[in-house]
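**Student:** In case you want the letters, here they are:
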Amino acid sequence: MDNKKIYGFVLIMTLVVAGVLAVLKEATAGLVAQNEEVFNKRAILAAVSEPIQQSGEIMVADLSDQEVQEFFASNVKQMVLDAEGGIVEGAMAIDVDMPKEKKKEAASRQFPLYEVNLDGERYYVFSVIGNGLWDIIWANIALESDMNTIAGVAFDHAGETPGLGAEIKDNKGWYQQFYKKKIFRDGELVGVNVRKGGAKDDWDVDGLSGATITGDGVTDMIYNGLNAYESFINEKRSELGGTSMLIQQ
Amino acid sequence: MAEVKDTKAVEKTPLFGKEEKQLIYDPLFDNNPITIQVLGVCSALAVTSLVYPSLVMAVAVVFVCGFSSLFTSLLRNTIPKQVRLIVQLVIIALLVTVVNFVLKAFAYPVYKQLSVYIGLIITNCIVMGRLEAFAMANKPWRSFIDGIGNGLGYGAILVLVGVVREIFGKGTLFAGSGIDMMMIGPSEDYWINTMATEGWQTMFGWYANNNLMVMPAAAMFVIAIVIWIQRARNPKLVDIS
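Line by line, the protein sequences give chains A and B. Under this note's numbering, the first sequence has 41 at position 41, and the numbering climbs by one with no breaks. Under this note's numbering, the second sequence has 45 at position 45, and the numbering climbs by one with no breaks.
Calculated from the structure, these hints are not laboratory results. Where hints are given, some of them may not hold.
Stated by the list, open to error - Within a straight-line C-alpha distance of at most 30 Å, the following computed DSSO-like cross-link-like pairs (lysine-lysine) qualify: (1) A:181 x A:102; (2) B:236 x B:81; (3) A:196 x B:112; (4) A:172 x B:112; (5) A:41 x A:169; (6) B:112 x A:41; (7) A:236 x A:77; (8) A:102 x A:25; (9) B:236 x A:77; (10) A:182 x A:236; (11) A:236 x A:181; (12) A:172 x A:196; (13) A:169 x A:104; (14) B:139 x A:100; (15) B:81 x A:4; (16) B:139 x A:5; (17) A:100 x A:77; (18) A:200 x A:182; (19) A:172 x A:182; (20) B:112 x A:103; (21) A:102 x A:236; (22) B:112 x A:25; (23) B:112 x A:102; (24) A:200 x A:100; (25) A:169 x B:112; (26) A:100 x A:41; (27) A:4 x B:139; (28) B:81 x A:5; (29) A:196 x A:102; (30) A:100 x A:4; (31) A:104 x B:112.
Just chain B, same shape as in the assembly (with noise of 0.2 Å):
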């Protein structure tokens, strides 16, 4: 009987309402899984000395999350409570190989400059996180959007740290992609020539990458200030945690 009242209840309110918008945008700003949370940090340390790798783990977290709270949702009232932690650490993990599967097939050398990270999801907390919290009490389609948009703020925080970290620790952009912007460096390759002698570039000659941008410690502070100015702008997020 209950089931019967779920579809009828998703019919009346609309696919995409108020409450859905709510759900992607939480995640994004003022309920960051990243820095609001602090979860998830382990790996945004590790992946983000570089946007590229960033940019696909972004999107392979959105594409776990997504998914498992989707399945663990549809599942959630057959899972038995004893074992529902392992049974979600099985869909994670089944869904990352799903993952390294597709990008093994597709994508040859994405998932080599990848693999290792791509199978460190699986110990995001992030997305376990959310299945404890949301998909075990909440009907499938809300936590699949859940899903995505925790995904997305875990991602937007490391596309923004890995793009802080590139530009100023090596001096490009999407770097091992196929795009491969040279932002700043010393030589013509660059779009801004450190070694210039004449024209407006000349004012940059006294830059330098910047080596501790490249180490993991950089993306501490990165966030860290990020967290910074999130909470001055908004001082109701200052108690929450």
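Excised from the complex, chain A in its bound form (with noise of 0.2 Å):
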């Protein structure tokens, strides 16, 4: 065989391979788009699941697709703050592309915000994003409208280890232990810390064997992310009414 129909028969498959691939690409683009945002919008409500349950008796993971978009649109109010805590007018929260966000420089980062509103009961779910052993990391943290309670998270990984590291999404009683802890320490951010060798204080859960690397990723992650969003959740808490607040803690 001649060069010449080489060339030729190379030529048409790629074209013929390549118009396939266009074309099944377009047919999806809806479909896929559509399952992107309602597999976010699962993730914020999974760092509230414990509250909706209570309220409800609705279990987040058996919600559909319908379900989700719907419970969405009347419980659950998007605001995104940019980084010295102002609103930013007419921004989507579910928008927000974190791992762009994290590219950016410091000064020009956009935080998504999401505001969940149970029977009068408020509770904020703030997106964060950090580093594992393998990628990237990322979580959804809900605190009670005290500003300092955990209400849930949910995390997940680009490429943890099964077994190991991607524990975090995996393991519900690992994942679970962050119910109901503190942030504030004496008045003072500090996050949660995952200890290896297991939890020595009320700041503390237990890390995960043979995922320390992700445990003290989550940790900074947990940390950097909350502080990020500091002079809201202090805003927020200073309308409370600062005093009884450092009472307390």
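Hints given; two lone chains; assemble the complex.
**Tutor:** Listed below in structure tokens is the structure:
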């Protein structure tokens, strides 16, 4: 077979394959975008799954895609904060791409914030991002309206080892430790410490054996992530009446 | 003329006869791609720490292996010999990308769990091995069966290793899927509760999950044991490789 025929074959094959893939991508683009949105909304609701279950006996994991959209529309108020803690007008929190924000300079970052309203009780969900062992890890952290008590967390990761670092997402017994933990200690924002060898005080949770670096990543992520929202958190805390809060902690 | 002869031959022989059955059985047992040919071991080590990803991976490989064999066989007389490996690779890559799109559109949570592994099917030696060794020299239907058979042979070992590693490493089965069975562990949620203080479960008080099973090295041991058992039962296999 001469070269012209080979070039011709390869050219036609490339065009056909590229065409097929282009059509497929366009055909599924709508579905994929919708799936992504629902997936992200589920991750937000997963952080407040405990309060949601208590308020209406609904399991977040059992909600259909349609129900997730409806719940979000009726119960969740989305806000985006800039690096100074001011509200960005007209921005939707769900549209903020966290990995992209992580790459930006600190001063130009945007921070998504969700206010979840359950029978008059308010919860605030913060999105944080950090580094695990192999790749990025991220989480949604829900605080109760006292801006101190954790109402739930939902972790996820890009490439931690299944059975080791990936346990931050898969091991329910582990991430449930964060429930009802406090993030302030003596009036100072300290976050929650993932401690190798087991929790020592109320601000600690047990580490995961075989996943020390991922655990350290979680500690740093919670501390740095919540600190980025500090001005908002402090504002809300002072609204509640700072003196009574200081006495409590 | 050659093509006319081909179709006549297919009409005469049954669609799923003895030879076709052989094409399915052989890679499942006596010519298994993992335990006998020792191909595709890399992904078998990587994805088998849990059963559910192993299962989805197995289904994806069966699909890719089957259809890439079919397409390669259909094109076998047209593909220029000089660029046949590139053509095979493009066919495999196309199918893997299709699997990725389908998962992304219709099973998004599974896609999120497996995206990296699915892409790695392109580098799986079994798929390309079958294209070179079988599909380039056989008719489409038989090549398709051969691809499916080899995919199943690979998948069977994957699921087997996954079951062993997940039970002994994590004490669960099908974690991450909808079923999520709790088999053995230190709480009442598990089927065998190692912390139980009464009943037959107390005899498992000594049990603890084996953390080695979670590491990729464990797959090496499990696969080696499968190879050992297989060759001990059938001495004919010992001299083949």
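**Student:** Any of the earlier hints contradicted here, and which numbers?
**Tutor:** Structure breaks hints 2, 9, 14, 24 and 30.
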